[in-house]
Amino acid sequence: MTDARRSESSDNPGSSPEASSRSPLSVEELVEQTLARQKAGEAVSMGQLIADYPALADQIRDVWPALEALQSLSSDWKQSVSRKRTGMQLPCQLGPYRLEREIGRGGMGVVYEAQHGQLQRRVAVKVLSGQAVHADKGLERFLREARSAARLHHTNIIPVFNFGEQDGLYFIAMQLIRGAALDRVIGRLRRDGDLVGADAETSHNLLEAPAEECDIPDYGTDAFWRFVASAGVQAAQAVHYAHSQSTIHRDLKPANLLLDQDGTVWIADFGLAMQSDTGHWSQTNSLAGTLRYLSPEQFQGTCNEASDQYGLGVTLYELLTLKAATGDTTTQAEVMRAIAESRIATPRSVNAQVPIDLETIVMKAVSREPADRYADCGQLADDLQRFLEGRSVLARPPGALEQLTKWSRRNPLLAASICVSALSLLLVAGIAVVGYSLERQARLAEQQTELEKSSAIIKSRESLDEALDEFSGSGDSASRDQDVLSTSVLTPETAETLGYAFGLYREFVERAGASPEDMAWTIATRKRFGDFSQRLNDFEAATVEYEAALREWDVLVATATAEQLTSLRLTIAAIYNELGTCLLFLGQPDASARWHARAQSALEQLDIDSADVRYELARTHFLASRKLRPGESPLNSLSARANEPPDRSGRRPPRSGGPMPGVWRHLIPGRTSRPEPRDAGRFEMEMSSKQRTQLERAIALLETGAEAPSVRARFLLAQCYAGLSMGRFTNPSRQTEDAGEEADRRLSDLHEEYPDAPAITAKLAELLAEVDTRSLQMLDENTLREIEDRLADSMMVSQELLVNHPFVPDYKFTLVHTHSKMAAVLESRSRRTFDRLQSQVLLMEAVTEVEESIRLQTQLAKRYPQATGYQQWLLRFEGRRTQLLEQLMFGDSPGWGPPRGRN
Amino acid sequence: MLEDGISAELIARLRAGEEAALGELLAVCEARLRQMLFFRLDPRVASRVDVDDLLQEVFLDAQKRLSHFAATPEGSSAYVWLRLVAMQTLCDVHRRHLGTKARDAGRDQSLNLVSGNSTATSMAHALAGNLTSPSQAIQRAEAVDAVQRALQEMEEIDREVLALRNFEDLSNQEVAEVLGINQGAASLRYVRALKRLQQIMAKLPDSDKAW
Chain A
1 MTDARRSESS DNPGSSPEAS SRSPLSVEEL VEQTLARQKA GEAVSMGQLI ADYPALADQI
61 RDVWPALEAL QSLSSDWKQS VSRKRTGMQL PCQLGPYRLE REIGRGGMGV VYEAQHGQLQ
121 RRVAVKVLSG QAVHADKGLE RFLREARSAA RLHHTNIIPV FNFGEQDGLY FIAMQLIRGA
181 ALDRVIGRLR RDGDLVGADA ETSHNLLEAP AEECDIPDYG TDAFWRFVAS AGVQAAQAVH
241 YAHSQSTIHR DLKPANLLLD QDGTVWIADF GLAMQSDTGH WSQTNSLAGT LRYLSPEQFQ
301 GTCNEASDQY GLGVTLYELL TLKAATGDTT TQAEVMRAIA ESRIATPRSV NAQVPIDLET
361 IVMKAVSREP ADRYADCGQL ADDLQRFLEG RSVLARPPGA LEQLTKWSRR NPLLAASICV
421 SALSLLLVAG IAVVGYSLER QARLAEQQTE LEKSSAIIKS RESLDEALDE FSGSGDSASR
481 DQDVLSTSVL TPETAETLGY AFGLYREFVE RAGASPEDMA WTIATRKRFG DFSQRLNDFE
541 AATVEYEAAL REWDVLVATA TAEQLTSLRL TIAAIYNELG TCLLFLGQPD ASARWHARAQ
601 SALEQLDIDS ADVRYELART HFLASRKLRP GESPLNSLSA RANEPPDRSG RRPPRSGGPM
661 PGVWRHLIPG RTSRPEPRDA GRFEMEMSSK QRTQLERAIA LLETGAEAPS VRARFLLAQC
721 YAGLSMGRFT NPSRQTEDAG EEADRRLSDL HEEYPDAPAI TAKLAELLAE VDTRSLQMLD
781 ENTLREIEDR LADSMMVSQE LLVNHPFVPD YKFTLVHTHS KMAAVLESRS RRTFDRLQSQ
841 VLLMEAVTEV EESIRLQTQL AKRYPQATGY QQWLLRFEGR RTQLLEQLMF GDSPGWGPPR
901 GRN
Chain Y
1001 MLEDGISAEL IARLRAGEEA ALGELLAVCE ARLRQMLFFR LDPRVASRVD VDDLLQEVFL
1061 DAQKRLSHFA ATPEGSSAYV WLRLVAMQTL CDVHRRHLGT KARDAGRDQS LNLVSGNSTA
1121 TSMAHALAGN LTSPSQAIQR AEAVDAVQRA LQEMEEIDRE VLALRNFEDL SNQEVAEVLG
1181 INQGAASLRY VRALKRLQQI MAKLPDSDKA W
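These protein sequences, in sequence, are chains A and Y.
All residue numbers for the first sequence refer to our numbering, where the first residue is 1 and numbers rise by one.
All residue numbers for the second sequence refer to our numbering, where the first residue is 1001 and numbers rise by one.
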């Protein structure tokens, strides 16, 4: 043994003398020591080891072969890994196709050149990324779209041969085009002309084999303009054909148009762009690149044939000028603003050589209003053809009058709102138009006869009523199904514009006459103002409006006929309820209760067989059962308001520039005053018996009635059950659990029936995330997992909501808190396990959740820097993250943390 | 400390929060980090995610959390810290691509999440990935299968030790730090796991060829 060791240390200078002088050596030490020698580059064999350490021979035989085997396997693996990129780690066989080489990659996926096994046909196979094929409803949709694309047969549309799914990878096989995508072509022309281009790397969708481009005439020559026009004719004809087959492309841009070696244009990816992609805008950074090809109406979620024409127009524009139509804008906001304002410089202002007719055609195709574009892409193709044939084109540059109208549509207010809220674009545009005509009519009215004046006023009233209908209701004081089902939501930005429109509205209210009809209209409109203020969380302003309406009512009661009054009584009861709600939020629960009681007695005098009366009565009970949760009262907003004298004239001067501070301040949740969760300990999560009785009465009312319940009634019923289910996890009872099940079922049903109604979706997300995280320690593992599942579902629902309404802070805020709750649940679970690894994983997941909260909250905080509540929450989340990370790294969770290792 | 290629000077700069130092750390550790990412990346996600992108994401995450390294006890390995960051990045990526089901996936079979099946699967994948010819594949398929079963039978921490040492190239000291056990124990577990593997291999028919 001594000899052996001596010989080892002399033969192997690499091994450390102290290690070998320690004695007796354990097999563990020997293994470590030998590994160190190997690492230093020494070859060690088992035989040699056994010879050197005969005492350990058996043990060496016990481990050495396994070690060597592992080493050889893992070293092969390591070598292969060091060269590999995972993204290419595809099965080389996908369906009947053998993938051979990558020829392009982009947002939608990766494109490979491939060969059909039996047919020996070379094809392009596009493998879609998981994000492109969205989660669960992706497959069906993908298949539907691919099927419709595969039906298209046109000389300028890349034929789709096959499509399918394998191992979770969605692929489409299509004809391989030897050529280049137009974005490449444009990039090359840009470099050739030594023009300083914008981003060189926008290429997304290359189906081409590189370096096999066709000859393109030199930029700026007549031949070049004809080339552009001819490419435009081909593309427009293809798009027109597809439209005739009810297929919309949705994502026409230079990267999707390929030019083959013969100069033929091919359109790729028909129908593949997922609408839901829009929901991810806010999450990707390379947006500006994609956004610039979107039509204004696409921001609003509308996408139709005219949008494709716009995309094509923008592509031709870029080909003509080698510049993006949106100019040198680089940020998302800039691009959006440019598109919204339709601030597209004429091609000739970029390059005066561009033929005027071509400019006129392209500018018509990229008109902001779909109605100003060509009636269809066929007409666009025809006009381009006319240019090619030297005939005069049909498109006309807009005249002075037309430009003025366009200008008026592009209200500066619109521009201001739009850079922050693309989604609300059309709504805002609509309001701005109404506002504009209203002002004009008001001015005209002064010169008109009384009769003309009143008819003008009524007309204006009607148009305003119509425009505001979508928004004037409040989620809670729903008076019609429309409010529940409305697909529009109020964002701080739209609120700002609406505030402006209401200013105009108010003039009518103040000018309204004293006839019973006028007074009835005034009452309804005052309620509308109040509801609107309520939705902005400005309960004080709402109270003022409701009280004004009630004063009007008092006068009316004294003057009007019984018949005229009857129709209004329900509205008045609703106003009582609204006042009750406002006072609750203003911190006066007793006064609030009195208003609800008043509403109740008013309603009880009405015809209880009427569904509307029963609904309002049920709502009265529901509202009366509510208690404020910590943080729900926006008291701080009052002090903010005090600094700003109410603007009774109502009219706000249209401003340009950034978003205006003002009315929407109140709309932001977490509005500075949600108390610390720890302080909320005194808040009783369980229902008092009185509350429960109220809810049960509401439920009884809603469940009676022969006719099928209205949507709003079903929605209210679900909310009543949700109220009864409070504390179902932390303090479970038969009652809370049953109510919980009812609430779950009813809300999910409603959501399934009306997936586009944000009010319903938002409530569902809230219900699923409803849990008091302070009591998690008391819950068992199974309950924790159930809560975890619900939170995960809630996140999915919220995300769905945010896809359609990315700019509603409340929705994002719900999601933020769901992630934060999820972190708490995971942390609780991590404390329960005695397995350190599992505990670590759970903690890691918790960190991930908190970080997701931070990420989303940061977005909110950035967008609404005035909302100090957002900043406070951000700090809190960051603190949570630090806590969790400390726990993760040092395992020192207070109290009952996981054991530190097993030894 | 120099054993892992990370100099004391680099550690000091990292503790001081110097971002440039982070870049250097990543350069030193890149090979091991890549290996780790390859090893731990869910095969369902591997086809959609590029490891180079992943490395970049790890870097950004590490940048955000650089201050946390300063909070680790004196003598902590910078690589172990970076690896922890990378594990979190990986969790995020899995979540992004597999949804919350990423966490649920392992739930049905066992309570173990990263460990349990996924380490065994990762190892089996790594082993199976080396098969070059179809005949070899058939020959080895059984062995790989047996190894996977063996790995699943092992105590989770032992399996983890094997993975950390042989597939992630962690030193014994680093393994100890990752698992929160002392070095002696880490070494003990390693050798025990090797023995167990050896026993299973010995039982395999034609074992020398298979390996």
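Simulated from the structure, these hints should not be mistaken for lab results.
Being a predicted model, the structure only gives us computed values, none of them experimental.
Among the hints, erroneous ones may be present.
As the list claims (entries may be wrong) - Sample of chain A residues at the chain Y side, in silico, Cβ under 10 Å:
(1) D62
(2) A66
(3) L67
(4) L73
(5) V127
(6) I216
(7) G220
(8) T221
(9) D222
(10) F227
(11) S230
(12) R386
(13) L388
(14) Q838
(15) T848
(16) E852
Using N, Cα and C, we set each Cβ at its ideal position, and we do this for glycine too.
Do the hints match the structure? See the list:
1. The restraint placing D62(A) at the interface with chain Y holds, with a minimum CB-CB distance near 5 Å, inside the 10 Å limit.
2. At its closest, the beta carbon of A66(A) sits 4 Å from a beta carbon of chain Y; the interface hint therefore holds under the 10 Å criterion.
3. Against a cut-off of 10 Å between C-beta atoms, the interface hint on L67(A) holds, since the closest Cβ of chain Y lies about 5 Å away.
4. Evaluation of the L73(A) hint against chain Y yields a held restraint, the C-beta minimum of about 5 Å falling below 10 Å.
5. The beta carbon of V127(A) comes within 8 Å of a beta carbon in chain Y, closer than 10 Å, and the hint placing it at the interface holds.
6. With 10 Å as the threshold, the beta carbon of I216(A) stays out of range of chain Y, its nearest partner Cβ sitting at about 33 Å, so the hint is violated.
7. Interface hint at G220(A): violated, since its Cβ lies 40 Å from the closest Cβ of chain Y, which is beyond the 10 Å cut-off.
8. The interface hint given for T221(A) is broken, as the beta carbon of that residue sits about 42 Å from the closest beta carbon of chain Y, more than 10 Å.
9. With a cut of 10 Å, the hint placing D222(A) at the interface with chain Y is violated, because the nearest CB-to-CB distance is about 45 Å.
10. For F227(A), the interface hint is violated, the least distance from its beta-carbon to any beta-carbon of chain Y being 37 Å, above 10 Å.
11. The interface hint given for S230(A) is violated, since its Cβ lies 39 Å from the closest Cβ of chain Y, which is over the 10 Å cut-off.
12. Violation of the interface hint for R386(A) is found here, the shortest Cβ-Cβ separation to chain Y being roughly 47 Å, above the 10 Å cut-off.
13. Hint on L388(A) is violated. Least Cβ distance to chain Y is approximately 44 Å, over the 10 Å limit.
14. Among the interface hints, the one on Q838(A) holds; its C-beta lies about 6 Å from the nearest C-beta in chain Y, closer than the 10 Å criterion.
15. At a threshold of 10 Å, the smallest CB-CB gap from T848(A) to chain Y is about 5 Å, leaving the interface hint in force.
16. With a cut of 10 Å, the hint placing E852(A) at the interface with chain Y holds, because the nearest CB-to-CB distance is about 8 Å.
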